[in-house]
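Novice: Sequence:
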Amino acid sequence: MTQRPDIICIGAVLWDIIGRATSHMNKGSDVPGRITRNPGGVALNIAMALKAYGMYPALLSVIGSDEEGTELQGACARLGMNMDHVYRSNDLPTDRYMAVEGGNGLIAAIADAHSLEAAGDKILRPLRGGDLSGWSGLIALDGNLTLSLLEDIAHDPAFAAADLRIAPASPGKAERLTPFLSHPRATLYVNLEEAGLLLHRSYKTSKDAALALLDSGLHRCLVTDGPNPATAASRNNVLTLVPREVLVTRVTGAGDTFMAAHIAAEAEGLAEEAALARALDATAIYISGESY
Numbered sequence: 001m002t003q004r005p006d007i008i009c010i011g012a013v014l015w016d017i018i019g020r021a022t023s024h025m026n027k028g029s030d031v032p033g034r035i036t037r038n039p040g041g042v043a044l045n046i047a048m049a050l051k052a053y054g055m056y057p058a059l060l061s062v063i064g065s066d067e068e069g070t071e072l073q074g075a076c077a078r079l080g081m082n083m084d085h086v087y088r089s090n091d092l093p094t095d096r097y098m099a100v101e102g103g104n105g106l107i108a109a110i111a112d113a114h115s116l117e118a119a120g121d122k123i124l125r126p127l128r129g130g131d132l133s134g135w136s137g138l139i140a141l142d143g144n145l146t147l148s149l150l151e152d153i154a155h156d157p158a159f160a161a162a163d164l165r166i167a168p169a170s171p172g173k174a175e176r177l178t179p180f181l182s183h184p185r186a187t188l189y190v191n192l193e194e195a196g197l198l199l200h201r202s203y204k205t206s207k208d209a210a211l212a213l214l215d216s217g218l219h220r221c222l223v224t225d226g227p228n229p230a231t232a233a234s235r236n237n238v239l240t241l242v243p244r245e246v247l248v249t250r251v252t253g254a255g256d257t258f259m260a261a262h263i264a265a266e267a268e269g270l271a272e273e274a275a276l277a278r279a280l281d282a283t284a285i286y287i288s289g290e291s292y
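UniProt numbering puts the last residue of the sequence shown at 292; the count rises by one with no breaks.
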């Protein structure tokens, strides 16, 4: 009998192509560094981090039937990912993400997630009458889906009983999460910039942004601000903690690491402060390249 997952991760599964340099970079910089290609995408990054914490996630996404897709499917399987419910498309190419990072952080990035957008609700078939129908547990959802599909999910009875944990995927897609501001079971994971874009205002601190999100009708949120204090806020409690200082060696995937660590901590039964502290520490370890 196939093991039933304890969380479903919905969104981007693609190839991450990342160029990293240790030197400070500006527009037009041409410097030596390293270029890597690894399985990535918000949903997959979250799933991999969750598995490292002992959880068993299943992925809902799309991968092309092209050579890159077959290679990606195999790479994900070797990482121990549950790919049983991923939609394989015969007419859509496998998605890709490309980023350049310098010693001063992310310089630029392009997310080519057009196949995920084009696949639409085909990726949700397992939840809508398929093997995962009637799901009432955790769902990690990323904003790489189209606004129309996210709106459908926000009002879909198939998701009504789920514990929805949602990330925008990038600042440019933050506004796509607007339908969840009034959802009774949605928790948003955003950074300070994304919170401002979502509410069409700017905020000085994560606490200011978190309180504004609650005022807008949101059920719960976690707002980060790089090395500055992060805030977890709900109707019952507002908690702010300061991340520890580290030397930043990478940034792509940091938000996914934070979200996964927090979800796993709460799944273990950790209290709010302990869960936020673990998520911040896991992120510090990730961006610094340290190891436990």
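In case anyone wonders, no lab produced these hints; they're calculated from the structure.
No experiment lies behind these values; they were computed from the predicted model shown.
Each residue gets a CB set at the ideal place from its N, CA and C atoms; glycine is no exception.
Take these hints with a grain of salt, some might be off.
Simulated restraints on C-beta separations [unchecked claim]:
hint, residue 1, residue 2, range
1, S65, V31, 34 to 44 Å
2, D112, E175, 39 to 49 Å
3, S29, H155, 41 to 51 Å
4, R125, Y56, 37 to 47 Å
5, R250, D112, 12 to 22 Å
6, A271, K122, 11 to 21 Å
Novice: Which of the numbered hints are not met once you compare them with the structure shown?
Specialist: Hint check: 2, 4, 6 fail, others pass.
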